[in-house]
Structures are given as structure tokens and as C-alpha cells.
Amino acid sequence: MELNEKILHYLDKCDKVNTLKLADEFNEDHQKIVGAVKSIEALEMIVSEAVKSTKWGLTEEGQMVADQGSHEAVLYRNIPDDGSPQVEVMKKVPNAKVGFSKAMSAGWIYIDKSGGAPLVKRKVENISDTVQENLIEIRKGIDNLTDNVRNDYKKRKLLQEITLKSFELTKGPQFATSIKKLETDLTSEMLMTGSWKELQFKPYNFDALGQPPSCGHLHPLLKVRSEFREIFLEMGFTEMPTNQYVESSFWNFDALFQPQQHPARDAHDTFFISSPANSTEFPMDYLEKVKKVHSKGGYGSQGYIYDWKIEEAQKNLLRTHTTAVSARMLYKLAQQAKFEPQKYFSIDKVFRNETLDATHLAEFHQVEGVVAARGLGLADLISELDAFFSRLGFHQLQFKPAYNPYTEPSMEIFAYHTGLGKWIEIGNSGVFRPEMLLPMGLPEDVNVIAWGLSLERPTMIKYGLNNIRDLVGPKVDLQMVQNNPICRLDK
Amino acid sequence: MPTISVNRDSLFAALGKTYSDDEFQDLCFEFGLELDEVTTEKQMLIKEQGDQAGYASGVSEDVLYRIDIPANRYDLLCLEGLVNGLLVFLGKKTPPKYRLDKYEDCYSLHLTPATAQIRPYAVAAVLKNVSFTKESYDSFIDLQDKLHQNICRKRTLVAIGTHDLDTIKGPFVYDALPPSDIKFKALNQQKEMTATELMELYSSHPQLKQYLGIIRDSPVYPVIKDKNGVILSMPPIINGDHSKITLNTKNVFIECTATDLTKATVVLDTLVCMFSVYCGKTYTAQQCKVFAPDGTYQLYPELKHRRETINVDKANSYIGIQENGDKLAELLTRMCLPTEHQDSVLSVEVPPTRRDVIHACDLYEDIAIAFGYNNIPRRPSSVVTCGAQTQANKLTEQLRQECAHAGYTEALTFTLCSREDVATKLGRNIEDVAAVHISNPKTLEFQVVRTLLLPGLLKTLAANKKMPLPLKIFEISDVVLKDDGAETGATNERRLCALYCGRAAGFQFVHGLLDRVMALLTTPCSKDGYWLRQAEDPAYFPGRCAEVLLRDTVIGKIGVIHPNVLTAFELTNPCSALEINIEPFI
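Chains as they are written, first to last, in full-length UniProt numbering: chain B, 1 to 491; chain G, 1 to 586.
A hint or two may mislead.
[Said to hold, decoys possible] Derived DSS-like pairs (lysine-lysine); straight-line CA-CA distance at most 25 angstroms:
| no. | chain 1 | residue 1 | chain 2 | residue 2 |
| --- | --- | --- | --- | --- |
| 1 | G | Lys225 | G | Lys102 |
| 2 | B | Lys181 | B | Lys171 |
| 3 | B | Lys475 | G | Lys466 |
| 4 | G | Lys93 | G | Lys304 |
| 5 | B | Lys462 | B | Lys422 |
| 6 | B | Lys292 | G | Lys304 |
| 7 | B | Lys165 | B | Lys181 |
| 8 | G | Lys314 | B | Lys338 |
| 9 | G | Lys191 | G | Lys227 |
| 10 | B | Lys315 | G | Lys482 |
| 11 | G | Lys227 | G | Lys183 |
| 12 | G | Lys146 | G | Lys227 |
| 13 | G | Lys146 | G | Lys244 |
| 14 | G | Lys465 | B | Lys475 |
| 15 | B | Lys154 | B | Lys140 |
| 16 | B | Lys309 | G | Lys154 |
| 17 | B | Lys315 | G | Lys154 |
| 18 | B | Lys475 | G | Lys442 |
| 19 | B | Lys462 | B | Lys223 |
| 20 | G | Lys134 | G | Lys17 |
| 21 | B | Lys296 | G | Lys304 |
| 22 | G | Lys244 | B | Lys315 |
| 23 | G | Lys281 | G | Lys92 |
| 24 | B | Lys16 | B | Lys165 |
| 25 | B | Lys16 | B | Lys32 |
| 26 | B | Lys16 | B | Lys6 |
| 27 | B | Lys180 | B | Lys197 |
| 28 | G | Lys225 | G | Lys250 |
| 29 | G | Lys281 | G | Lys169 |
| 30 | G | Lys244 | G | Lys183 |
| 31 | G | Lys225 | G | Lys209 |
| 32 | B | Lys223 | G | Lys394 |
| 33 | G | Lys92 | G | Lys327 |
| 34 | B | Lys123 | B | Lys92 |
| 35 | B | Lys332 | G | Lys394 |
| 36 | G | Lys244 | G | Lys154 |
[Stated by the list, open to error] Stretch-level coverage of chain B by chain G, calculated; a stretch enters the list once three of its residues show a Cβ under 8 angstroms from a Cβ in chain G:
| no. | region |
| --- | --- |
| 37 | 52–65 |
| 38 | 178–185 |
| 39 | 205–216 |
| 40 | 220–230 |
Just so you know, the hints here were simulated from the structure itself, not pulled from any lab data.
In this text, a Cβ means the ideal position worked out from N, Cα and C, and glycines have one as well.
Build the full structure now, drawing on both the sequences and the hints.
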């Protein structure tokens, strides 16, 4: 008979039993009994109640005494008939110190100093080792010790109190003496034979987790990128082709009316290209106009009045902003026969020769929105920003005057972050300068408003990341990628 | 963006009002400044040089405001300018009028032809009957430093020298001489030294060493002398000790030498306008005659007050407000731009302190700032357009989803990498790789633009050794290849790369992904669709590498990664990889 059925039969007869008792009865390890109890309890055939009980058991030293005799008995037995020098006894016999004093007080031995050096001699012919006898009984589970003796053994560290966890068993609602085999899962065979109607199924543990599906995962930052693209598309923006990391200084800086001595054009801030070092093809008519507006002014502008050099404009670099692409798009727009209002957007990588730290990388994603139409102004920009940022979950914006070489007016965008409970800077914006737009050939009443932000910063704020390298680059923890939730920017 | 430190109590005294930090922060925000930090000289020293420096005696514990100034507002780079700007903005003061006193011959500056070889321009001005206090003196020195760091581009474009006019005698000469012919006692030095010796001496000077390169290799060095041959300065490195200004200086001679004349006049105007407030005749500067080598001359400082006219309606519309002309004139005046309004035309006088105003749009911005950016009402959008996405990005989004559906996890790696990453680590020579090279990388990690996605994914694997195997990762992104036909000489190419790493190389898994992707792109596995052709590539295991062809064009590679490559990327488990160009499918 299986152990669990044995337990059921036993319980059938007595209604209530402790698992320790069962271990005794069946001569089985208590843990095994408990295991069997758990399996039938799950079937609601029995009910168990945990109880704690204490009993006295042997310590490690107590086990030794039960096996080999008490220290005093061991010492006694080690003394030959004609005695032994005390020094030797103390050295030779294990635990001699305790054994000696106990044997002395029991009156089993005595010291003979007649021959000079003290000799230990037996005093009695026979001894009975009650300590050992008592411990052997305890080990068997018989405990008839008086409190005095027990305390003495406890003091001698031969006995210790042991806490036992056991279970008091009673019959459960489904009690029976035989166990029906429970099915773990519904199978197609059961459906085919119809056996599922007769079979009983194992109850589920709904607290346990399910089996994780094996699946791939998208990267958190690129999930945010997808959301941003969707927002722009919902708002009627057209995506700009930004697949051109290598750009000429002309489109990256000069076309944006950024003077050639501007600090951003320093090797400190920008990655220049040694090979291929220069661009040579430019729309020359337009280039001449750009040159003029920088060096001499025009279109209502004083210009910067300096010696503009084509060599500077030819220098290739890794684009420092996607606005280089916006400039190309606006130039293209200006070449069309009839001007049509446009909304453009892009999200792509840009590069800065930065010293890397927790919030700066040499490459990051720039998000950019551009609207070109007749008669646009700051109020339109603010309205666009309201619409855009509210879709990102920022419903309160503030604007700070700022300086940007190619926009005027320029505004830094601050948003109130309800989670952080403070205003945070989230982007930059402005109206493109006429010195940038008019040389392209755009009509004079066409204004272009634009804004930009990094993709990484809002993502880090959203996911509470402090180090950008935990988000981007080869050192990113793929576990983080797998655990990342779907991106809902307004939640 | 430059940051200036001003003593808070002096600032409030000058503004005539005490603010809380938050109130002052709000004022800055409105005006377009940023209160970056509230600190003390002591705290700054402790931060920079450690406790010892901070606790030395004599270090001030006065509260300092560190304020970020927009890069084009040179007129706000010192306490004097900042106070003036804020007082006018708050309507507590009218914008100052800067005046010129007629030149006197004794203050003229003559350029020799030799200066054309090194720093061809110079301008000069005199401030008369100045009364310095310790604070205004320090501010004067600070402003020169701020200008040197910003508009002067670390003294390359313009270098400023200021002198006690009463210790020297004009007319002055701006010359360029061989270094060995220049000998003088430089500022705060004990003895006379030649220019060569000075350059040697300053090569270890913490501040000055950064400027030495501007002239070091030139056969002649710039030098300014007085009538008696006393050396005033050796621009852009150091002034002479003889003419140094002190707290007792009454009359100041300012010279700016330059490689950019426009910038030199802006710098000179700024210095003169800011510190003419301390002159006997307030806001008045004495002009100097500066003779070009050809004998023609110009008067400096110019202190040009330029008139710009703008239309009231246009200004309103540019911002999105509806204010009358008088109101706009008042707003502009509060930005230090005195304005008159007549018949819907605003006539704005742009003072020499506002050389950042070069177009009407700069005035529109100032109106908007004075009006308050956050007071501008919203204007509902009237621009109706249809959205559209680029085909390349649309396909990328779709394929990313599909790769994830196929059980691959997306990685996002760097576009920039080392030469080794795209060459030696993959068993190739860098000369054979069509990589774009960066001329000025700060670290070895960013020497080239990647020509493959594979190295980034291998690095991602190396950083994720704790993840259970098998590991399947992918990336769809751009690589950059040199391309003689392209306008810039390089083009991006959109790639898909996938990597399988397990106890066995598992070629069949990446192969299966390729089949899946091709099926999704309705490309059959045949010579008319895609097919594999065995190839050799040092990055892949011999015999376990194939080219992926689309009809007769190679679009990528697939194979088992070579053990040498695994070792180079510190990987210990076998991998298979697939990398293809997806542009033919767009």
C-alpha cells in the first residue's frame, strides 16, 4: 500500500492523529509522512493543522556519550589495575578534565601520592554508567529523567531541547480510504474517448506564475521612437529622409546661418571626417547667396561681416543635428514652382564630440518637428508644442527666451513633470531666421517654426534611468530590454 | 553658453531691491537668463581644489549667483551690464545713451605693414577720469576674460589689452617683430625677457599656455609700443608690466588686435559701453585714430547707433499678439532698444551694446520677451497637411516587429566604433574596408563609422554573458560606406543583422530567420528570388559562410562566426550571424 493510502486507512480508524505518531507507527521518516500528507491534503481528503511540540534530544556530545560511555566511565576504564600517573591520564584520555572530576566525585577513583608523583587508582571494582544508560533511553524516545538529572545533563551540554513541527490530521470533506488518480491536464485523447467526463482533475494553484512565453523583444528606446513617429504622423507630419550621417559643413552650419567662427564648429564639439574629407557638389547659386548673407548681409540683415570661406563649408562632418536635413528639405521646397504649406518631422541619430558621462553620449537621437507656412509666428509654435507635448503626457508648458544661431525668436521648452513634481527642460524651439530661409528662395511671407528634443532624455525620465549607457549601446542589459513594458507615453 | 558669477548683495544693491532666490530665478527665466547655481567663493574653491584651498584665510563667504548668459548677449557678461539690462527691463531706468568725445592726435594707433602677416587688425579707445573700486576693477578684468573666452574665441579672433594711459605716451605703434627683437617686462614679472623666453616661461602657465599656439610658429609676433618704445603688450599673450592698470588708474587705453575686424569693434564697443559708466563724463568714450599701414585711418570706438524700422502689424503677426504701436515701442525700449512709434512704423535705435540685433526678427524676439513668452495666447493651427512616412523607415518598423515575433531581441548599438571593430577583429585590413574615418575622435572607441552591424551585436553578446542560452538578438539600422558617387562621398545603408548564440553554432536558426524574412517580403527561395552561394570571409568559419543573393546581386552574408572573431570579442560560445542590406526591398 502506498504511504498516503496507509495514512488514510489509519485516519479512518482513529479520526485524529499526529504525524509524529504516524512516523513512529509506520517506522518512516517524518518528512516523508509530511510529504504524503501534503499530497492528499491538496485533494481535500484530509485537513492538517500545524502544531509545535518540544522534546529533549541529544547534543553532538550527548550522542558520543550514548555511544562510548560517559567521560568519567571512559576515564575509569582507562586506568589499569595498578593505577596510572595523573599527568599521563590527563594527557591520554579524551575529555579527561570533565571525566576526572566526575569520577572523583562519584568515588570511582582516588589519588595515591605515596610514591611521589600522584597516581590515579581505581577505588571501586565495578561501576554502572547511568549517564550513558539514560542517554541511550533518551535517544530511544524514553524520557524518565528527573528534573535534577535533566538539568545536570543540560548543563553538561549533553541534552538540548528540540522543537518539532508536526501536523494534527483530521478527515477532510473529500475523505475516502482510496485515492483516485487525478489528471494534470486535459488531453486530446480524453476528448476523443470522452474519458474526461469520468476523470477527476488536479486543482490548480492560481497563485503560481505561468510558464513565460518564448519571444523576442523590441528595444525600449526604439519603442519610444515608434510612439513619437506615430504622434507626428497622427498630427499630419511628413517624415524627412535622414539616412545621411555624413554631412558637409555647408548644410550642417552655413545653410543655417551659423557663422564659420561659431564655437559649435570647433573640433571640440564636432566630429570632422578625415576621409572622405570634403564635399564638392553644392547648388552654386544658393551657395553664393549663403556666402553673401554671411559676409555682407542682405534680406534685411546686417550679416556677420566676415570673410566667408568655401573651404570651411566643404569640410565633411558627422551631422550634429538633423536640422541639416531640414535645411535640405526646405531648400527643396523652395525650388518648387508653387509653395505648399508643409509639416516635416524626423527622428534619427546625430553626433557630438562629447566627453562621455552618465547623461552624454557621442551619438544620440534627435526628434525634430518643422512647420512651414505663410504668416506663422510664435503663437503657432506654442500651439504646435502644446499639441505635441500633451500627447507625450506633458500638459503644462513654459517657455524661456534662449539663443540659437538659426532661430529667432528662440524658446527653450519646460514642462511640468507631475511624477517628479518639478519643471524640467525638455526641448528647444524657434522660428527659423530669414537669413536662413530667404537665400533658399522661399517666399518672404513664409515663416518656418521648428522644435527639437532628444529621444533619450524623455525616455530616461519615463523609465527612471540615471545612466544613458543603461539604455543605449552594447553594454545594455538584455534582461532590461526583455522586462520593459509597452510604451504608453501619456500614462 | 557663458556663465558669470556676481556677488548677490552687490547685485541687489544695484537693482535697488532684494529678491529671494526663487524670485530672482523667475526674473531670470522671463528675461532669458538662468540662475545656474547659488554658491560662494569658498564653496567654489572647495569644489575645484579641495577643502584646504577653501578654508584658507581671506576666502570670501559672500553669496554668489552663477548666471547663464545667452551666447550672443555680450552686454550682459558683467555685473554692470546685467544690472543695466535688468533695470531697463523692469522699467526702473531708461536705456543709457553712449557718447563720443572727439579724438586727440596723441591717442592715435599706427599699424605697420608687418602686422598683416599675423594679426592684421587693431582698434583702440580711451576711457577718461575713471574711478575704479576694488569691485569694479575686478569686474573690468573679469569681463575681458569672459569676452576672450567667448566672442574672441579664446583670443584667436580678438585679444584685448588695457593700459594705464598716464604711464605711456602716444601716438602708439602696432608692429610685428621677430620674437628675439621683442624684449620687455611682462605683466607681474620681475625682469625683462625676450618674447622667446616668455613663450618658454608660459608653456607651463595654467591659463596662458592655451594661447601660445596662436602665434608660436609665426616668424613675427604682434607687439604694441608707445612713442618712446615702451612695450604695452604682446597680443594675444600678455600685457607689459609698465602700463598695467591699478585701482588708482584714472585714464584707460584699450587696444584690441584681431583677425576679425567686425568682432574687434564689437568687443571694443562692449568694453567701452560697460565701463564708461565709471567715467568722469558718464557713458562717454574718447575716440582714437587708428591708421592702417596704407596711411588711411578710422576712428574707434564707433559706438554706432543703427536705426532699424519695423512694421507694427508684421511684428504683431510674427509673435501672434495684437498690441498697438505705442505698446510695442515701450516693450522694445525695455529691452534697451529705444523706439519711437509713428503711423504703424516703429523706428528702433539699436545701440552699440546690442550688436546681436542684425535683423527685424531679432527685434520681434525682444518684443516677445518683454511681452512675456508665457503671456502669448495660443493660435489654433490653420495648416492642414497629410502625414507620410519614408518607405525605408516604414519597412524598418515592420521588419523590427517581425524579427521580434520570430523570437529575436532588439539591440541598439553605437554607430561609431574603433578601427579594430570593423577590421582586425573581423580578420580584415582597415585599408580594405570602405569606412568613413573621423579626424578628431576623443576616444579610440570612436575612430570610424561602422560599416557593419555585426561588431555591435557581438559586443552586446559579450556584455550579456549572464543571459541564458540560446540568445537571439537583432538590429535594423544604418551603416555608412564610402561612396565616390555620393555628394558627401559617403552613403548610409539600411541593414538587418541577426545573431544566434548557443551551445552549438546553430546556423539553421539564422538561416530560418532569413527564410522567414524573405517569405514576409514575398521573395521566393530561387535564383529569381534569394539564394545562398558559398563564400569565404575571414569573419566566418571556413566552409560555413555564404553570400546572400537577391537574384544576381549580393545583399549580405550568412554563416558561422569564426572562432578567432569570437576570441577577439571575448566570446566563449559559438554563434551564427546574418547581415543583409534591406534597401533593395524598399
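For which of the previously enumerated hints does the structure constitute a violation, in increasing order of number? 7, 12, 22, 37, 38
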